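The task is simple: from the sequences and hints, build the whole structure.
Given next are the chains, with one letter for each unit.
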Amino acid sequence: MNSSHLNPSSSLKSRFTTRFLRALTRINARKPISPSSPREIFQRYRRIKVAADKSMASSVRSRRTWSRATLWKLRSRSCLQLASLGRRRSVKTSTITSRQAIMKKTSHEIENKTTTEEDHQDRFVGQADKLRELVPGGEAMDLCNLLDETAHYIKCLTTQVQLMRKIVDFYSL
Amino acid sequence: MEPNTGTAETRSNGTASDGDDVAALESLQFTDEIHRLISATTTNNASSFTALLELPAPEAVELLHSPESAKLMAAPAPNIEDFKASFHFPSNSGLIERAARFSLFAGVGNNNNNTSNSPETPSNNPSANPQKAVKSEPAETESSEPLVSDPTVEKRCIKRKDREKKVKGSTKKSKTAMNESSEDAEKLPYVHVRARRGQATDSHSLAERARREKINARMKLLQELVPGCSKISGTALVLDEIINHVQFLQRQVEILSMRLATVNPRIDFDLDSIFTTESGSLMDSNFPSMVMPLVWPEVQVNGNRQQYQQQWHFDALQQAVWGREEVCNNYITPENSLLSYDSSANSATLHSNQMKMEL
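Top line first, the protein sequences correspond to chains A and B. Those letters in the first sequence? Residues 1 to 173, per the UniProt record's numbering, in order. Those letters in the second sequence? Residues 1 to 359, per the UniProt record's numbering, in order.
These are calculated hints, taken from the structure and not from any lab test. A quick note: this is a predicted structure, and the numbers were derived from the prediction, not measured. Even glycine gets a Cβ: it sits at the ideal position worked out from N, Cα and C. Heads up, none of these hints are tricks.
For lysine-lysine, the following DSSO-like pairs were computed, each having C-alpha atoms within a straight-line distance of at most 27 Å:
| no. | chain 1 | residue 1 | chain 2 | residue 2 |
| --- | --- | --- | --- | --- |
| 1 | A | Lys166 | A | Lys54 |
| 2 | B | Lys220 | A | Lys155 |
| 3 | B | Lys231 | A | Lys130 |
Under 10 Å between C-beta atoms, here's a sample of chain B residues computed to sit facing chain A:
| no. | residue |
| --- | --- |
| 4 | Leu221 |
| 5 | Val226 |
| 6 | Thr235 |
| 7 | Asp240 |
| 8 | Val246 |
Right, dumping it as structure tokens:
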């Protein structure tokens, strides 16, 4: 893998690696390394996972719906955490209502499609819903764009897994 | 397709085309002919660009790359049906072949497997069946925009490729289907999807069909992405496979981050400085030699560190090494339980650099 080549996928890789490693550094620096208790390990794991997802999504730079949705989700989650600390409910309710709005829109779209189209959509509705759950931001998309997003999402996930595996291998040697 | 051309002849109204074509098969003259035909027959030039986006669907990649040409395709597209109805194709096979040679006849080269090479299609076309010439006529309509027509005709021909046989079937028929579609084309400006034989021709089903083809194209892309999916036939199974793959990848990310959480606590990433100071060539030359000796227990840390100091002169790296030394001693045993080997802090930083280089 050459990061020096002008390959969009390699630049994605390098962007992801830099961000992720920086985040890992921050995580390691913040917590003075005490991995003995499983709870702490779990916390680290959560943070690392969030960092991985976040760095992946920011490498894609919100060009894609799923990356925007991931970033939005992470930011709202951090907002929620702050809000829960500060005992404020407004943030929570706003996120919930926006989610509901999206869900309503999606169901409405699906309704339209099944009435106008032939059995094509019916074949896919069950699985499309599953896919919508899996792909972040997939709730408010029609099948066509959903497949597009899934393709890009799979590509980025494979890159992410590849790079993370490399990192793990290097640090476990 | 020979009988087809015969029938086309019989219902001709463009008798002049014969003489013109034989005389000088310049694309310009041909386009003049076509333009005449255009003016002769009532054509709807108002075409919707919205439906366009569904037309070139079968090649999603091309769609992504050249949406503009797809849009331009809209304008001449509705004329296809009209031409089919009114255009008579000269029986002169030589004419057909020469006409086919022009890049605008890219659509003819469908059956010759071209998906993305418009420059190839002109060479293919002479050998391409003159039978397809009837279909290729509409391709000529785009001669007014020769530059942009190539990718657009490609797209259309790619779309047509999926339905060659069916269109053949329809052309072999008495053209009633064609008439229907042409009528539809006149009535409804959005339609530029050709109706197949025995298929409904109203705009809804056509739009749905175009959309379905778009979705099928995307499914094909996904099949290529997901390993082991290309053998599966049937969209439901493919979707299942895709869903499983996405779940698998997400689980992999979780597992790897868990591993990172357990593996890495002793490692102090001083990567910012490493990234800023690293030079690729330096890494490349030094790493392969340095990595091998480094997979040693910490006992050898001192010796290694000195080596690093000599070779790299990274102040940050040195600090990281020293800082890590104290930490390493405490966490070797948990690491041993987790991993099969023991690794030194130095090797860890070196590996990070190596990984950066590799990546």
